[in-house]
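Participant: Listed below, chain by chain, are the residues.
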Amino acid sequence: MNSSTCLYAAHQKMGAKIVDFSGWDMPLHYGSQIREHHAVRRDCAMFDVSHMSVVDIEGCDAQAYLRYLLANDVTKIAAPGQGLYSAMLNDRGGVVDDLIVYALPRGFRLVLNCATGDKDLVWMNEYAKGFQVSLQQRDDLAIIAVQGPQALARVSSVVGQAIGDKLSTLKPFASIFSRSPQTMSDWQFARTGYTGEDGLEIILPSSEAEGFWWQLHEAGVSPAGLAARDTLRLEAGLNLYGHEMDENISPLQANMAWTIALQDSERNFVGRCAVLAALDEGPQDKLVGLLLTERGVLRDGQDVYIEGCEQPGVITSGSFSPTLGYSIALARVPAEAGERAEVMMRKKREIVRLIKPGFIRHGEQVFAATANG
Amino acid sequence: MSDTPKELKYALTHEWTLDEGDGVVSVGITDFAQESLGDVVYIELPEVGDKLSAADEAGAVESVKAASDIFAPVSGEVIAINEDLEDSPEIINDSPYGDGWFFKLKMSDPSELKHLLSADEYIESAEEE
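Chains as they are written, first to last, in the working numbering: chain A, 861 to 1233; chain B, 8 to 136.
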């Protein structure tokens, strides 16, 4: 029996095609994933991401615990509401999960991937031994992401100007806790997202989520499903757990070196030794973006052939870019790869261009038009 | 269940066939197929003049999510292709049985139509997938 979010009835009313996503019945699209994708780039749309796990951590050792558990350093987020992207590593330096950690007025809040939620909790409880902390899984919360250039304006029109004014001054990865004008319950508004556009992720009580969802809809926000979420994050060059990284991939192989805080040499964290060893060794491979301007769609798992390299690379996420009108991918390739490669497609080998991951941000193409340009 | 018009004949591989008379059939993919594929972004069609046997590969349809081959439901010569699909493949999602037709065949053996599925038989086979 699959789980469903508190917005399931709303998805059905809106004509969603529901699919199984890691044991959750979730909306894949509401008619057309491409239209939903364009809505986010050009206007805004809302996603139900309540399947993600929220875990609140309290106790006098909460900070010390997270400094040991996470590869990024939570001392960077002092003020309540501040958020930080981090990996959680294993002893071998592989990625157990990637997450956002927020400072709460008391303690911290972790937002983790749904597919890894149960595994994460076992992992986190194991490492909690010896620390004065309590972990509370917040199944009573929902998350609605409103993403796109009009996201803040539309959300403000629903929650009122007082909160709207505060939202407009929020920096990326910052959040505010605000009382809902109707119920006075605590909502968290974070200026985060997974689309490459401006927007908010709003964490609120499940019991109030459907009412808010319909209010947003009345304010002109259309729904978007997981299919659009995937093409949006791919265009933005953002990693997806289980694709660009997993327990056997070092964050260094997934362009996440910036999230490993090594400044404080006194701080030990899970995976630190393995990361230092990998840094010493130097990279064997790299994560790149691929462009295929010919017809056809690059797919996960296809081999990427680099001239002069015996071992092919592999596509970790491949799809069609609705914004560009052709196929793009993320791929892990040998470190010596240059600007061109060949991919074995369904029936033919095609030449692809290699770029740094990242295709579209804020509606605009972010890579140079030509290899030399 | 998706829309499955009674007047059409179907192949297990999700093509529909409409008998247009004079030994000519038009061919497309079913509503069930377009719904499973999601937004179509590329299409490969046969060429006019191609001679196909039943079950021959006749083209391909590729969506954001997946790619799928198109097979000739019956044998015959391709006498027309729907060139609009090349530039606007989304027509297949919007109108799988109308403007989203793929190609027309002049049948070499009209008796082959008998081997195709009725709407009910097709629904049954598609539901088993």
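Simulated from the structure, these hints should not be mistaken for laboratory data.
Keep in mind that this is a model prediction, so the values were computed, not measured.
Incorrect hints may have been included.
What the hints assert, rightly or not - Below 25 angstroms or equal to it, Euclidean Cα-Cα: the simulated PhoX-like pairs (lysine-lysine) are:
#, chain 1, residue 1, chain 2, residue 2
1, A, Lys1031, A, Lys936
2, B, Lys58, A, Lys1208
3, B, Lys121, B, Lys58
4, A, Lys1207, B, Lys58
5, B, Lys58, B, Lys113
6, B, Lys58, B, Lys13
Participant: For each hint, tell me whether it holds in the structure or not.
Facilitator: Right, here's what the structure says about each hint:
{"no.": "1", "hint": "A:Lys1031 / A:Lys936", "in the structure": "holds (15 angstroms)"}
{"no.": "2", "hint": "B:Lys58 / A:Lys1208", "in the structure": "holds (23 angstroms)"}
{"no.": "3", "hint": "B:Lys121 / B:Lys58", "in the structure": "holds (20 angstroms)"}
{"no.": "4", "hint": "A:Lys1207 / B:Lys58", "in the structure": "holds (21 angstroms)"}
{"no.": "5", "hint": "B:Lys58 / B:Lys113", "in the structure": "holds (9 angstroms)"}
{"no.": "6", "hint": "B:Lys58 / B:Lys13", "in the structure": "violated (28 angstroms)"}
Hint check: a violation occurs at hint 6 only; the rest are consistent with the structure.
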